[in-house]
Amino acid sequence: MSMIKYIIKRILIAIPVLIGVMLIIFLMLNVVPGDPITLMMKEHIKPELIERMRIQMGLDDPVMVRFINYMKGAVWGNFGVSYKLNRNVTDLIVNAFPHTVRLSIFAALIAWIIGIPSGIISAVKQNSFIDRFFMSFSLLGVSMPVFWAALMMQYIFAYKLRLLPVSGYETWRHLLMPAIVLGWGSAGTIARLTRSSLLEIMKNDFVRTARAKGLKERTVVVGHALKNALLPVVTMMAIQVASLLSGAVITESVFGIPGIGRLAVNAIQTRDMPLLQGTVVFTTILIIGGNLIADLLYSVIDPRIRVE
Amino acid sequence: MEDIKNINTLEELRKEYEDTEAEIADSDNIWDKVKNMIKSNKLAAVSLVVILLFCFCAIFAPFVAPHDPTLQNYDNVRAKPSSEYLLGTDELGRDVLSRIIYGSRISLVIGLVPTTISMVLGTILGLIAGFLGKKADFVIMRLADIMLAFPSLLLAMVVMYTLGATLVNIFIALSVVSWAGTARIVRSQTLSLKEKEFVEAARSIGVKDYVIMIRHILPNCLPSLIVLFTMEIPGSILSESSLSFLGIGAQPPASSWGLMVVNGKQWLFSEPWVAISPGVAILILVLAFNFLGDGLRDAIDPYMKE
Chain A
1 MSMIKYIIKR ILIAIPVLIG VMLIIFLMLN VVPGDPITLM MKEHIKPELI ERMRIQMGLD
61 DPVMVRFINY MKGAVWGNFG VSYKLNRNVT DLIVNAFPHT VRLSIFAALI AWIIGIPSGI
121 ISAVKQNSFI DRFFMSFSLL GVSMPVFWAA LMMQYIFAYK LRLLPVSGYE TWRHLLMPAI
181 VLGWGSAGTI ARLTRSSLLE IMKNDFVRTA RAKGLKERTV VVGHALKNAL LPVVTMMAIQ
241 VASLLSGAVI TESVFGIPGI GRLAVNAIQT RDMPLLQGTV VFTTILIIGG NLIADLLYSV
301 IDPRIRVE
Chain B
309 MEDIKNINTL EELRKEYEDT EAEIADSDNI WDKVKNMIKS NKLAAVSLVV ILLFCFCAIF
369 APFVAPHDPT LQNYDNVRAK PSSEYLLGTD ELGRDVLSRI IYGSRISLVI GLVPTTISMV
429 LGTILGLIAG FLGKKADFVI MRLADIMLAF PSLLLAMVVM YTLGATLVNI FIALSVVSWA
489 GTARIVRSQT LSLKEKEFVE AARSIGVKDY VIMIRHILPN CLPSLIVLFT MEIPGSILSE
549 SSLSFLGIGA QPPASSWGLM VVNGKQWLFS EPWVAISPGV AILILVLAFN FLGDGLRDAI
609 DPYMKE
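From first to last, the protein sequence lines stand for chains A and B. My numbering puts the first residue of the first sequence at 1, with every later residue one more than the last. My numbering puts the first residue of the second sequence at 309, with every later residue one more than the last.
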């Protein structure tokens with residue numbers, strides 16, 4: 001029972017945040033100087049036509065009315081029509097989304113496969129050379145401009161070694177470089193968290209008891225400590241999936257992957273407000289959803305959270 | 309709380325208050341801790357030297373740079389690194405090394421200014437939320453929740469789209485994005501600090517709220533704030549380079565390192581040095597701040613230690 005109550009409470013907290021986020025994006029994008037219709041039509045346009053279109057698009061309504069209309073549409077999955085491409089923003093997002101998802105999942109897998117084992121090894125061999133190596137490597141991942149890392153990988157693996165295609169999105173070989181670039185930072189975060197969490201758990205009495213029983217160190221770490229140490233890591237993983245979705249903005253642009261991120265960048269470059277608004281709102285909803293799932297997941301695996 | 313009960317006269321209370329004033333003066337020993345860290349933590353010490361070196365280059369750029377960074381030379385376009393041009397020249401024949409040295413000015417300013425603004429803003433809001441509680445707390449923290457829900461790069465993109473790409477707007481965009489994290493940390497520390505005896509003592513002799521916040525709570529948050537400050541700078545520098553990459557960051561003729569990489573991108577496969585070296589500069593500076601931040605956290609911050 002308390003579980004259901006907790007879930008409902010969490011969802012109720014998320015809703016005002018969601019509305020707040022949409023309001024802020026809406027206000028920021030709708031105070032932009034410059035008339036969208038002139039942007040759409042170039043200069044040869046009759047003033048009467050502009051006036052008619054303004055009314056048709058509801059541009060003369062007060063901002064709050066427009067926001068409520070926008071929210072009404074958004075609830076039914078309608079984010080308006082792109083100024084430049086003259087297509088439904090929702091359609092554009094739905095077409096682009098699978099590319100972003102594929103890239104993010106690939107990147108997340110890389111982050112977990114690299115991050116968790118290197119975190120465990122670092123914790124077990126604390127302060128050794130390999131620990132320092134992994135931790136420096138993970139810091140390297142968050143210290144590089146993403147697009148620069150992408151360019152360097154293109155230069156080394158695509159141009160010098162000719163191992164991988166420079167850009168594109170058809171096969172897994174195309175996705176390997178973007179996924180590594182995107183997942184590197186996450187791998188570092190997960191490695192550091194796994195390490196510190198495992199080190200914390202290893203100080204506990206039950207670990208000492210397990211050792212005192214004469215169990216092998218491997219059994220102590222894998223069988224006893226790890227299960228508990230990975231609790232916060234699982235939460236972090238859910239949060240990271242969401243942040244990967246937004247981190248894809250730069251990666252997609254460099255590697256020419258037609259996902260949500262590229263859509264957002266195109267929208268900025270062509271000053272296509274509804275498209276930019278749609279992509280940002282959509283991504284933010286995903287992130288809020290991701291955080292919500294992370295919270296709930298955590299309360300399932302660690303019931304102490306719910307008591308509070 | 310226990311101590312308070314033993315105080316009976318106003319005189320004793322005043323004494324307690326003055327004692328805590330002395331205690332606060334004592335807390336200045338974080339500088340001693342920093343000195344110890346520099347002695348014991350080599351990585352952090354080297355990082356500090358690297359950062360100071362970059363600052364030196366930025367301030368004395370005209371004396372350090374071997375060439376004029378804006379001098380174009382069409383006879384020597386995209387030249388290989390040589391003894392004359394240590395890191396080669398770019399598409400307009402300008403010396404890459406000199407441009408990196410001058411570019412450090414913009415990158416450092418972009419690292420420092422928005423971080424300072426967002427820290428000040430976050431600290432003030434965090435103090436108010438934690439100390440006053442109730443409605444102020446609710447409003448500020450819900451606003452912080454909303455800001456933290458945004459993907460920061462996308463939010464910065466929206467701000468730049470709205471305001472236009474200028475240096476001042478970069479400051480605004482990056483400050484707007486990152487005050488909420490600071491506010492949360494300061495708030496949680498304020499919540500625990502305001503239950504302490506010295507705050508109780510100050511309150512009971514009628515010291516004003518804002519004086520308590522500034523004189524008693526703030527100094528105790530300082531170690532965390534110093535660490536946070538060091539750790540936020542890399543984020544600003546990296547965000548600016550991302551914005552530059554998207555064409556909504558620094559604009560020519562001003563030149564940040566991010567912009568230099570973007571310019572060099574076109575010749576990545578034929579003349580890679582144009583794009584590589586400014587990226588390396590970003591990497592070194594950001595790494596130095598990250599290492600220093602790690603070191604400072606271990607040395608001075610009792611709250612954020614893992």
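Simulated from the structure, these hints should not be mistaken for laboratory data. Each hint should be verified, as a subset may be incorrect.
[Unchecked claim] Quick list of simulated restraints, FRET-style, between CB atoms:
hint, chain 1, residue 1, chain 2, residue 2, range
1, A, I105, B, L420, 45 to 55 Å
2, B, L360, A, N78, 30 to 40 Å
3, A, R10, B, Q559, 57 to 67 Å
4, A, L297, B, P370, 30 to 40 Å
5, B, V447, A, N86, 36 to 46 Å
6, A, G168, B, S391, 33 to 43 Å
7, A, S2, B, K343, 35 to 45 Å
[What the hints assert, rightly or not] Mimicking BS3-like on lysine-lysine, the simulated pairs with C-alpha atoms at most 30 Å apart in a straight line are:
hint, chain 1, residue 1, chain 2, residue 2
8, A, K160, B, K573
9, B, K347, A, K125
10, A, K9, B, K573
11, A, K213, A, K203
12, A, K9, A, K84
From the three backbone atoms N, C-alpha and C, an ideal C-beta is built for every residue, glycine too.
Range agreement (Cβ of N78 (chain A) with Cβ of L360 (chain B), hint 30 to 40 Å)
This hint is violated: roughly 55 Å between Cβ atoms.
Holds or violated: K9 (chain A) to K84 (chain A), with C-alpha atoms at most 30 Å apart
Given pair K9 (chain A), K84 (chain A) is violated - Cα atoms ~41 Å apart, limit 30 Å.
Given the hint that K160 (chain A) pairs with K573 (chain B), test it: the Cα-Cα distance must not exceed 30 Å.
holds (16 Å)
Quick check on a hinted range of 35 to 45 Å for S2 (chain A) and K343 (chain B), using CB atoms only.
Violated, at about 51 Å.
Straight-line alpha-carbon gap K213 (chain A) to K203 (chain A), limit 30 Å
Distance ~16 Å between K213 (chain A) and K203 (chain A) Cα, so the pair holds.
Could you say whether the range 33 to 43 Å given as a hint is met by the Cβ separation of G168 (chain A) and S391 (chain B)?
holds (41 Å)
Run the distance test for K9 (chain A) versus K573 (chain B): straight-line Cα separation, threshold 30 Å.
violated (49 Å)
Distance restraint evaluation - I105 (chain A), L420 (chain B), Cβ atoms, bounds 45 to 55 Å:
The hint (45 to 55 Å, Cβ to Cβ) is violated, given that I105 (chain A) and L420 (chain B) are roughly 38 Å apart.
Range hint 30 to 40 Å (beta carbons of L297 (chain A) and P370 (chain B)) holds or violated
56 Å Cβ-Cβ, so the 30 to 40 Å window is violated.
If you draw a straight line from the CA of K347 (chain B) to the CA of K125 (chain A), is it 30 Å or shorter?
Within the cut-off at roughly 25 Å; holds.
Is 57 to 67 Å respected by the C-beta to C-beta distance linking R10 (chain A) and Q559 (chain B)?
Given about 43 Å between the Cβ atoms, the range is violated.
Given the hint of 36 to 46 Å, check if V447 (chain B) and N86 (chain A) actually sit that far apart at their C-beta atoms.
holds (41 Å)
The earlier numbered hints that this structure contradicts are 1, 2, 3, 4, 7, 10, 12.
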